[in-house]
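Trainee: Sequence:
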Amino acid sequence: MNKALKIFLFGILAMSLFVVAACGGTNDAAEEPAEDAAEETEEQTGEETEEVVELDGQLVVYSARNENFVQPLLDKFSEETGIEVLALHGADPLQLQEEAGNVQADVFISNDLGALEFLNQQGLLQGFDPEGVESIDEQYRADDNAWIALSARARGFIYNKDMITEEEMPKSMEDLFDAKWADVENGYAITRGGNGGMIGNVSALRYEWGDEKTAEWIEAIKENAAGIFEGHGDIRRAVGAGEHAFGLVNNYYYHQQLEEPADNNVGFIYADQGEDQMGAIANAAGVGLVNGGPNEANAKAFIEWVLETENQLAFVGESLELPINPELDPPYEAAISFSELKIQDMPLKELGNYFEDTKALIEDSGLDLELK
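If you count by mature numbering (1 follows the signal peptide of the UniProt record, and there is no 0), then the sequence shown holds residues -21 to -1, 1 to 351, one letter each, in order.
With a cut-off of at most 20 Å between alpha-carbon atoms, the simulated DMTMM-like pairs for lysine to aspartate or glutamate come out as follows:
id : residue 1 : residue 2
1  : Lys351    : Glu209
2  : Lys150    : Glu164
3  : Lys192    : Asp336
4  : Lys338    : Asp71
5  : Lys321    : Glu145
6  : Lys140    : Asp162
7  : Lys192    : Asp255
8  : Lys321    : Glu254
9  : Lys321    : Asp154
10 : Lys159    : Glu195
11 : Lys351    : Glu198
12 : Lys150    : Glu254
13 : Lys55     : Glu289
14 : Lys279    : Glu289
15 : Lys201    : Asp154
16 : Lys201    : Glu222
17 : Lys279    : Asp35
18 : Lys321    : Glu117
19 : Lys192    : Glu329
Calculated from the structure, these hints are not laboratory results.
The whole structure should be built from the sequences, with the hints applied where relevant.
Mentor: Put into structure tokens, the structure is as follows:
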């Protein structure tokens, strides 16, 4: 998104928030008779009545996740609650840092827990105890529930079955050190260094291997890869079409390619599943409550709404990720559930400790953050 468009969107958001604030006094005055009636009922019955809070107004959502996955969820929330949702798609997590003195967003949606935990560590998110949070295991939410993960994914290799067999494929991240993969028919594909999935992948390797070995791995894949793409969707389509033999992606892109009407003769290798291997690198998408957002009540209502079973599945939606809630089956036919995988022994919260300087390591190792 170019700078001018961002400024225009921020102007719209700011104007909308001003209008809502200006109307606030009228709404408060209109609610007073209802409060008096509730007090009168308590006096007559001698029992306390639960206060019913009706929500209206707006919710400002910043999202770093694919718009196609997020907007249907926001539309559903708006239709069911009457709250107007203003969404800024393609938002960078660091925008919250830049706006710390003039908070615009209420909720941040991210496809990287590293970004959410980094924001939390900077004091840019705030915790609370939403109803339904117990359905998500503690390892997949912040200590104070300032962010909550809802859908998970694991790293691995999508491959074209017409070009390479399962037996011939790499089975681990460490296998990619070998220069022989450059000689595979049409080679293999990776994303640019600044892709969120690549950043999470490298952060996890830093945790596992340390920076020196991880830097050598980045240098190796940069040297040996036949194609470097903007995103994983580009890779899965290229592999399906036979432009490359295999590619490093998140598992749900394999599920997406299987649903294509053509170029769908693909397989998938979950990385590092062997007995002595580290387990697949995992990450997750989730929501964070922005500290000091202009519509805090609506933001909390949204998070509680998305924790409802139906809406946890809606959050997964068309992404074809896997629900983190172990009680929920994927809303599509999946070959394997998240709980069946051998996952790297790293608390996903640790990704936040690496988020800020992983980009620098990637770039210093020769893999450009953006396509040139």
